Amino acid sequence: MAGATKLMNLTLHVWRQKGPSDPGRMVEYKATNVSPDMSLLEMLDVVNDELTEKGEEPIAFEFDCREGICGTCGLVINGRPHGPNKAATTCQVYMRDFTDGDHLYIEPWRAAGFPVLKDCVVDRAAFDRIIQAGGFVSVNTGNAVDGNAIPIPKHQANLAMDAAACIGCGACVAACKNASAMLFVAAKVSHLALLPQGEVERTERVRQMVYQMDAEGFGACTNQAECEAACPKEISIDFIAKMNREFMRSCTLSQKSRGDSGGTG
Amino acid sequence: MSTMTAPRPAARTNVAPLPVSTLAAKYWMAITGLLLVAFVLVHMAGNLLVYRGQDALNGYAKFLKGMGPMLWIARGGLLLVFLVHIGLAFRLSRRNRQARPIGYQVERTLRASLPSKYMLLTGLVILAFVIFHLAHYTLGIVHQVPVKDPQTGGEVMRDMLSLHDQQGRHDVYGMVILAFRQPVISLSYILAQLLLALHLYHGASSMFQSLGLNHSRYNALIQKVGAAVAVIVGVGNVSMPLTIMLGLVGQGYQPL
Chain A
1 MAGATKLMNL
11 TLHVWRQKGP
21 SDPGRMVEYK
31 ATNVSPDMSL
41 LEMLDVVNDE
51 LTEKGEEPIA
61 FEFDCREGIC
71 GTCGLVINGR
81 PHGPNKAATT
91 CQVYMRDFTD
101 GDHLYIEPWR
111 AAGFPVLKDC
121 VVDRAAFDRI
131 IQAGGFVSVN
141 TGNAVDGNAI
151 PIPKHQANLA
161 MDAAACIGCG
171 ACVAACKNAS
181 AMLFVAAKVS
191 HLALLPQGEV
201 ERTERVRQMV
211 YQMDAEGFGA
221 CTNQAECEAA
231 CPKEISIDFI
241 AKMNREFMRS
251 CTLSQKSRGD
261 SGGTG
Chain B
266 MSTMTAPRPA
276 ARTNVAPLPV
286 STLAAKYWMA
296 ITGLLLVAFV
306 LVHMAGNLLV
316 YRGQDALNGY
326 AKFLKGMGPM
336 LWIARGGLLL
346 VFLVHIGLAF
356 RLSRRNRQAR
366 PIGYQVERTL
376 RASLPSKYML
386 LTGLVILAFV
396 IFHLAHYTLG
406 IVHQVPVKDP
416 QTGGEVMRDM
426 LSLHDQQGRH
436 DVYGMVILAF
446 RQPVISLSYI
456 LAQLLLALHL
466 YHGASSMFQS
476 LGLNHSRYNA
486 LIQKVGAAVA
496 VIVGVGNVSM
506 PLTIMLGLVG
516 QGYQPL
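Taken in sequence, the protein lines are chains A and B. First residue of the first sequence? That's 1 in the numbering used here, and the numbers climb one at a time after it. First residue of the second sequence? That's 266 in the numbering used here, and the numbers climb one at a time after it.
No lab work stands behind these hints, which were simulated from the structure alone. Bear in mind that the values here come from a model prediction, so they are computed numbers and not experimental data. Take these hints with a grain of salt, some might be off.
[Claimed, not checked] Over 12 Å on every C-beta distance to chain A, these chain B residues come out as not near it, computed from the model:
| id | residue |
| --- | --- |
| 1 | Val285 |
| 2 | Leu385 |
| 3 | Tyr402 |
| 4 | Ser427 |
| 5 | Leu476 |
| 6 | Gly477 |
[As the list claims (entries may be wrong)] Here are the simulated distance ranges between beta carbons:
| id | chain 1 | residue 1 | chain 2 | residue 2 | range |
| --- | --- | --- | --- | --- | --- |
| 7 | A | Ala87 | B | Pro366 | 40 to 48 Å |
| 8 | B | Tyr402 | A | His103 | 53 to 61 Å |
| 9 | B | Ala281 | A | Met26 | 50 to 58 Å |
| 10 | A | Val145 | B | Pro284 | 43 to 51 Å |
| 11 | B | Ser481 | A | Thr141 | 49 to 57 Å |
| 12 | B | Val496 | A | Thr141 | 53 to 61 Å |
[Unchecked claim] Quick partial rundown of chain A residues pointing at chain B, CB under 7 Å, derived from the structure:
| id | residue |
| --- | --- |
| 13 | Pro23 |
| 14 | Arg25 |
| 15 | Val27 |
| 16 | Ala31 |
| 17 | Asn33 |
| 18 | Val137 |
| 19 | Arg245 |
A virtual CB, placed ideally from N, CA and C, is assigned to each residue, including glycine.
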């Protein structure tokens, strides 16, 4: 089939923003002679090469693994976070997913909690702070324990793994009408609460993470399941219901007052 | 070993905080929503007595009025539930708008149902309708009704609340029939009830999720609850103004 592929020409409308304080704007670019077998990010690499040759600033966008597992990439393509494919990240979008002559609107994640740093790159440190607030298990260091020392029922392990599949890309926030981070937080809360190692800190974890999520300025959930539809790892909103239960349980059981983030020793 | 010792850095965004956490706010929306759904269903069931005639409806109205202090406790409770539901709705929707200060050039909906996208709008119309409805039937200040004058035999306009039946009871049945014979009144009620049905379509199933009541075995059923409540309330409440406006119900009614 070599040589048989028809090259494509597309019109790109890309969000360009010099820095956090720049208001930003959509800028039109032509992507010519694009191979349908290129990934979207490779197409942008080519456009950036051309921009660099012309002495213009290349389009800033994030990526790392380009294998759909790291959660670094993230573009809203024609109004869809991570583009048109189901259960796929931005780096798994290929030009064959589009048609010759298409217009592609490429925008960054939009949320108060994810300020734009440059062009299509947003600051997702809010997610890191939510994890720091409780998305971990406190263990004493020492020898690694035997992996099978703690028996975990298979269905429990499966459910925990479904939640742990979250790569923290932020597409849930980008897709939500309210820029809510509930699916991300719910996935992390659920994944740890479902396992014996995370059970110990279960009560405080959900409180700390929810309060941090609120402090970061994310919206509230309106149960529209936009996040679930956009999630590249197909995390279910059932986990949001689980977080709702976990938080309710925590509100009645917690020994600590709100805002007390210090350890009890 | 200490637990949860991570520092909590200050927030950097300008998003207004809520009086409670976003999760607790949604619990309250769900709980007050559930109580309001219960009220809407009971209110509708009482109103449907209009089909059983003047005696049934006026008797039910007299029973309610006869509850004395209980009536005022119920009214106060209902008002409180309303205020919490509406107040939190405003705060939540404002926060949700602030959470995305700059929108997308290409807005797209992936899965959200149409009613779910217009909850604030349908809610506001329902609020306006409730105020109108209270002014209409509770205060009787929206319009007067034509009544036969016993002295002259001609028609005179009287306040709706002055109507009484043969047993001297407050004539709720007459108020309903005379008001809904007017197409403008009937059509405004029908429109409001259709919007209420849309509001309930999302709300009556969404409340389960907000309260964490979610199970793969029951999720399909929960989705149907919202649709069922919407259809029941829509059909039941629209039927009354519609049938009366068309003269199918209460055609022979004459006020005393």
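Just pull the numbers of the violated hints for me, sorted ascending.
-> 1, 2, 5, 6, 7, 9, 11, 13, 14, 15, 16, 17, 18
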